[in-house]
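**Student:** Next come the chains, spelled out residue by residue.
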Amino acid sequence: MSNPFVVAVVDRRGPALLLRIARMSCATFAMLLAAAIFHTAVATAAERIVSASGPITEILWAIGARDDVVAVDTSSLFPEDVLRSRPSVGYMRALSAEGVLSTRPTLLLSAEGAGPPDVLKLLREAGVRVEILPDAFSGEALAAKIRRIGALTGRDTRAEALADDVERRFADLAPLRAAAEPRRILFVLMLQASRAMVGGRNTAADAVIRMVGGINVAAAIDGYKPMTEEAITAAAPDVVLMMVRPGVPAPPAEELFALPAFARTPAAAKKAMIAMDGLYLVGFGPREPEAIRDLAEALNRLDGSGR
Amino acid sequence: MTMTSELAPISILDGLVRRRQIVVGAAAAGVAAVFALVAVSSLGTGALSIPPERVIVILAEFASGRVDATDRDTLVLLSIRLPRLLTGMLIGATLAVGGALMQGLFRNPLADPGLVGVSSGALLAAALTIVVGDALLARHVVANGFVALPPAAFAGGLATTLLLYVVATRRGQTSIGTMLLAGIAVQAAAGAGIGVLQYLSDDRQLRDLTFWTMGSLGGSTWSKLAIVAPVLVACLAAVPFLARGLNALLLGEAEALFMGLSVQRIKVATIAVVALGIGTAVSVGGLIGFVGIVVPHVLRLVVGSDHRALLPLSALGGAVLLVGADTIARTVVAPAELPIGIVTAVIGAPFFLWLVSSGKRSLG
Amino acid sequence: MTALLAAHEVSRIVGRRALVDRVSLAIEPGEVVVLLGPNGAGKTTLLRMLAGEIRPSGGAIAWEGVPISDWKPRSLAAKRAVMSQSHPPTFPFTVFEVISIGLEGIGGGCDRRTRLAVIEEALAAADLVSLAGADYGTLSGGERQRVQFARALAQLRIGGRSERRQAMFLDEPVASLDLCHQLALMDRAGDLAGEGIAVVAVLHDLNLAVRYADRLIVLAEGRVRGVGVPSEVLSDALLREVYRVSLPVGGAPSAGVPFVLPQLHGSGRTVGKGEIDDEGALGGSMGVAAKTAV
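Protein chains in written order, with our numbering: chain A, 1484 to 1790; chain B, 79 to 442; chain C, 11 to 304.
Since the hints were derived computationally from the structure, they do not count as laboratory data. C-beta: ideal position from N, C-alpha, C; glycine also. None of the hints are false.
Footprint (simulated), chain B over chain A, 3 or more residues, beta carbon under 8 angstroms:
id, region
1, 1578-1586
2, 1607-1617
3, 1699-1712
Using the sequences provided together with the hints, build the complete structure.
**Tutor:** So, in structure tokens, the structure goes:
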């Protein structure tokens, strides 16, 4: 029952004790305040981020976290000077534990499929925060991703601003979709010898095609898979959307439509091929709305030249 | 043609034996010294630079059991580099000895462990796991695919070896010539299967498979080592017992028979050790080439073909080569990593070409 | 006393061809038995069956009365050694190493001194002492054959420590040897027979066979065509049937044609050129047929 503190207050000389309590409280408050400031300082100034995904790198740059990024992966191709100014930890599915640790990171950000799993486990054991972010295939998902990255890197305000902006720019695309004629589009990820890897459903390519009001002729396939010659011909695309790497010139349309698989498609008649930078178009980074707009314009140009 | 008694022949023979012992001893000492050097420097080298004093301190802590598990240097040294060094040693030794055993069995200096079917079977199994297993395990965590890969590769390697053995063995006698031909056929069949799987795979699976075929020690952990080490150590320990039999086989199968040796037993034991050892090595490290050809070849130039010296020295030499190659793989494009198969090929191919073209005698 | 080595109605049939067709023979210690016959007669196949490398398709082979399949490889290795035809080298071994390896099977129980002594004797017997440290791959065909002989001899010596009755198999032992070494090696084989070791040799050279064999076994198309002492077995008729040549056995060559008779080796006779000695035989180890044969 008898609370020593109360006893002390009541029994001892009141003012002196009050003074002591006041001093203690101030000290405590000062400590807490310092800790808060120090913690924030640790969270922001001393953050060392490894970004093992091209779109995530773009987002980090866009929210002003570039100084915190100490290393990137081979897919981080935008802005152009990223790979030149930062060491590369290699392909995101074949990371080296010691390699990543040598950059002394506090945080590893990557997309689904990063690995190998043993390496991620080792990194976590080493005290590195490993955050794998799901791929985004829509404006809402992208905005959520941006906000999450903002929270993880302590740049919530800038991330919030960017996310709002992205959402707005996606919303502005709605009239595009509404006005567009439903064109049959085939997205080709790459051509190896005569085999075409195409974008089926559940891919960023599929989402992009739908956002320009098109029909994904490869929707029967799940993911990025090879498509046989007959299937391509049977799918009868009006437009072939080819992915290229930045800085690599697109193959001429004649070459593509000379291949037997494509020669007998409706697209061949108009040489309707559009080549775009992969990271730009299907990376679903902050530039995505512009990329979709560019694609819509390219499609319209094709229609115009065809008539 | 009478006895040349004035030459005291026994002392000549004694001299020959002693000279040989000195050569082998010197070679062993040399290789062991290089090995120690390479092993120590591999512990101290890497993407993360750790000063030598720190390395010694951490190792001392490890030995005494008082380890600071939160220290980054400690983690890199003890959880990454040390298991990797040990794994590399064991795999390198197994690959080199496997090569030497195959060359003895097939009586051909160009034979490599692949002839017994292990590599093609492992590769096919790996491709199946990566491409098809992915689809089957889609419900589960992606990590399951990686966990299933080593056992699948191991099983595939053993299965192909067994197939080859059955095909080549009639009435209890294994024909090495038949095994060679059947092995070529199996390799072609596996290649066709892998081609189909590659054709069906998506971008991600294709890359995973390609990385696997180039080999890597990057996944070395203590838990993997705990599974793999007993098998590899057992295989390496069995090897000296095969030496005498293989020496005799080199004189010819009929000759070995006439000498009183059980030729079939020697063949079966050799094939079994190679299949087990290489199968295990490949399941953990992927396909790593050239070690099995270059190391025994170089050592044959120094110590000759006597397997009693060649086999143990090949084990040491293989460990040196692979640990050295791994150190290069880890540092040359740091913080990324080169697949180790590329490093062994880049070192091995030109070196082998040079050896062969400079007309050294050991190809016969 | 059971025969050292006995074969009864032994056959070897491959496909539809009988390489060896119901051959029976017995080998006793201390004799030199030469298997003769044209190419394809089955001599080497028979030898390999007797040595235990190939299993007969029919018939039985027994060493000391015990069927060959009941013999453990190591015990058989102490009983008999085989000098096979020379092999192309694939790996660098020294001559010493090749012989030393030959002792892998049965040399386990011996100490180093004994092994070295045995190898030393074998090297000397094959005139290889100066080549002991040479790379086998650099040797000529004839030198390599001598190494194989030395190896077989060394195995025999080691085996002789546990087996009293032994046999040496020689498969075309002189094919690449020059004349001097041919005769020397066959002399060594004769010496072994003198010690009580049975020698079974496949030879091509009729004259050499006649000089050294205690018994000849002439084979043709897998069957035995003649067995016995050389002087009884060899006849004009046999030569015509088996070898399909018309040559006189024992007759002198025509005038002006030089000839060489290995039969006279070791006989110590040095009759001069062109002279005819008391028994009417033409002279020395080399002679020219006299214009007048008296």
